[in-house]
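**Q** Given two chains presented individually in distinct reference frames, assemble the corresponding complex, making use of the accompanying hints.
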Amino acid sequence: MESAALIVILVIALSLFFDFTNGFHDTANAMATPIATGALKPKVAVLLAAGLNLVGAFLSTEVSKTISHGIIREDQITPAELLPVIFAGLIGAITWNMLTWLLGLPSSSSHALFGGLIGATIVGVGFLAIDFGVVLSKVILPAVISPLTAGVIAFLATRLAYALTRRVDSRPDGRDGFRFGQIFTSSLVALAHGTNDAQKTMGVVTLALIVAGWQDPKQQTPELWVILACAFTIALGTYMGGWRIIRTLGKGLTDVKPAQGFAAEAATSATILASSAVGFALSTTQVASGSVIGSGLGRRGSKVRWGTVGRITVGWVLTLPAAGAVGAVAAVIVHFLGTWGILLDTVVAAVLIAAMFIRSNRDAVTASNAMSEVAESGRAVKVKRNPPPTRRQRAKEREEKAAKKAAEAEKKSAAKAAKGTAPKTAPTSAEPVDSNAKDGER
Amino acid sequence: MTLSIDWFAFLEVFAVALVAAVLLVGLYAIGLRLLVVAGRPPVVAPAEFTDAITVISPKAAAKAAKAAAKAAKKNPLTEGQKRLALVGAYAAFVLCGVAVVCGLGIIVWSSLSHG
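Sequence order for the protein chains is G and C.
Everything in the first sequence is counted per my numbering, starting at 82 for the first residue and increasing by one.
Everything in the second sequence is counted per my numbering, starting at 1407 for the first residue and increasing by one.
Bear in mind the hints are in silico, worked out from the structure with no lab data behind them.
Ideal placement from N, C-alpha and C gives every residue a C-beta, glycine not left out.
No incorrect hints appear here.
Here are some chain C residues pointing at chain G (derived, C-beta under 8 Å):
id, residue
1, I1411
2, D1412
3, A1415
4, V1419
5, A1423
6, L1438
7, P1448
Distance windows between CB atoms, simulated:
id, chain 1, residue 1, chain 2, residue 2, range
8, C, K1480, G, V398, 53 to 63 Å
9, C, L1483, G, A476, 18 to 28 Å
10, G, R247, C, K1480, 13 to 23 Å
11, C, S1410, G, Q301, 12 to 22 Å
12, C, D1412, G, R440, 40 to 50 Å
13, C, S1410, G, V428, 39 to 49 Å
Okay, derived cross-link-like pairs now, SDA-like style, lysine to any residue, Cα gap no bigger than 25 Å in a straight line:
id, chain 1, residue 1, chain 2, residue 2
14, G, K485, G, R473
15, C, K1479, G, D254
16, G, K299, G, L97
17, G, K299, C, S1516
18, C, K1469, G, F261
Chain C on its own, in the form it takes in the complex (with noise of 0.2 Å):
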């Protein structure tokens, strides 16, 4: 009886799942950074009040919203600057979007390869 343990696997399975994660949640701040650069803080209120939820109530959020729109008056970058950074955070989303098609991709077309 043999034991053979191929360790590479581990190794690759850390790798891999590691820049993917880093590359989907990096590309999503960087995106959320730009909607906030571009004068566009995105306030997103949560769907159902859980008991979890304890710092952002209706009012909270509410609060949130206005602050964001103050915070876009004062923005101190020009039209052009803002709407460059607008179009950053799409494609920073839309990069998101195709690395995660990408990655199942490959999964889906390694696994036809193999079977």
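Chain G extracted, bound-state conformation (with noise of 0.2 Å):
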């Protein structure tokens, strides 16, 4: 019992440590497009992005319960078994969540969470001890799904927003406004954020208070000390990871037009928190980066730079099975070996995170490793300096065109007519009418 009781508080110190580096790398997400935009300051952006997770954390439990009472068959397995095949998940989250933050490469902390639980607990305990159907239903079908909902929703929403403010006529046109909306729309993808990110890890304290017998299996909201827990540290993390992105001053960062930021960001946080509320535990880095893609296509004459397409799927591809052998491994190691294996474990991943974290701090902060992918796949449109026009203004062109075309006619049919009736006078009165006209029409 006093081994079970140390490994929960192990669980519960790494998920902590796991809601830390969401939020310390999930910034971004709802800032840099805002920051690119210049709606709002930097340092502003980082303080609300932190106040808004942590309120956001509070807003929903939806997500948690999804961990906590369905991805693992909690019945199938005795609480001797499922702890420590928890704790090697975490342990694979983490260290797959460092290794890619440190190589720049995109992934999502959610799949490397799901990935590291459900890799610990195939290999620990068996195929039987996850319910597949809610892993396909909750996890992995909206991680496909979602990012997609959220770029057509950007696309659609960004056509929208540059349709109903267009003018054909080159007086301002309003569209400045949007950055001042921005200012709302990032808040709530903050919001947003802790409605989803913060409640993963509030699931699996959950899971692991419940599997030790802390917490009653029919009470599926997690613990007021444990929200209280998960919120801080979110925002805490999100802080933290927003000042490296204040030292980068906003280079680097990909042309997005305000109106094309706002609805980026509207459907961003319409799309995340919709899906909190069914308990869909999707990641916010996708979707974030989905709705980016999706209104960069909503702008006149954009076009798809597949092989940033192609290289950002991939990273996302390989997260969930890369974190589930990381803590896969980190199960075999505790299977065989018991408390030294949780010992092992322990030291392995601390090893491996302070040489990751000191590594990491030779590095000049560029904007290449503080700006997420978010940033990153607005660079997988490429939209033109110079858009095409539109229909109206085509039509306009058109317009124009047959009135110059006309005038013409009818100043050679005048001149001949003159030419024709009145040789001597008509020359001189009509040609400086013409040449007015032609003047009023440039």
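**A** This is the structure in structure tokens:
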């Protein structure tokens, strides 16, 4: 029992550490676009993101229930088996998360967590311990569908935003106002991040508490202290992660227009919030990336850079099995060595993380390692500097051309008529009138 | 082992998110359009000039403000029509805020009722 208590405490500590890295890694998801368009100063953006992540963590607990009461069949496993498995899964998730962060590979904290847990459970207990129906319907399918959903919505919203504010004459169109609106939409994204990502850690801690018998299995919502601890940890991570972004001074960001940023953020927050309400545990990074790509395509004359999209997608697809493999290795060590295995895992993970941390401090902080894939995915769409004209603009151009042609024909026929009827007086009176008309057209 | 997938939930998420995003963006864009109609096009200069902003420099922002003032002077609408447009613009912004608060309210309520 004493070793079980020790593992629960280790699991809680590791979960909170994971929560911290999650916030640290994901600040840019909410704040990359408003910083890029100049809607918010980086310092204000970071503070806002941290505060709203904290609030968001209290809004909904559906995602937490998916993890604590869905993925793993607790009834099939004894506590003595399950606790080391959760521990090994967390080790796998954290190690993979830190590794991809250091190497600058696109990945998702959430999928690293699920991958680690699933890999460790399969190896440590067996296939039957995983409820693949829940994994498929609440983790894998949302992972595939949600970036597409966000992308399509962002595309349509961007089109709508541009269409409603378009002016054919070159007078001010008021699109600058979207920059102000971005303050609110980016806040919504930070809030949505709290409702989805903080919940994942709450779910893991609740699962550990239930397995250890410290929480009634019938009580689906996490304990208040768990919610508070996870909310504050993710907010702290977001704040600390934000300082790295501030140090980049907004360098290396993609060209995002306020209307486009507003639409992308609206799509991201709507998708994440709707998913959180039904308990889909999705990757906020992937949803935000999908929105940035979709909104880029919503601009006129844009093209997809498939190479960049491919690179990002490969990173996403790799995350789940790779974190699963690391989690499985950690579970094998625990399975064969017991308590010594747990100690070995802890030491190896601590050494790895410390080494990565020291290694990362040697590098200068640049946009490439501080900004997330969201900024990167903005480069997946190529937008022309001078977009092709809209249908109305083309129609207007055609009308102008026709009017010009008609005026020229009229001028010619007038000149002809003048020549035929009054050759002496007409040229002097007609010429100045014609030249005036020509000037007017210009 | 049964694999029961609730496909309806995906459709629901897509529909709800689409309606919410379109409402939010549409209402805000209509508000901006009405502000322009009312002769008050907003000019919001970037809070900080990152290297991503290639179009608006402080000089360009000042020029835009000047153009906005000039366009406002040329506005063919009467004072009453302008006022109506302004009220419409503010109504659109308020509706936008109400939609967001309602959305968040539904999420909190559904979470509490399930929990």
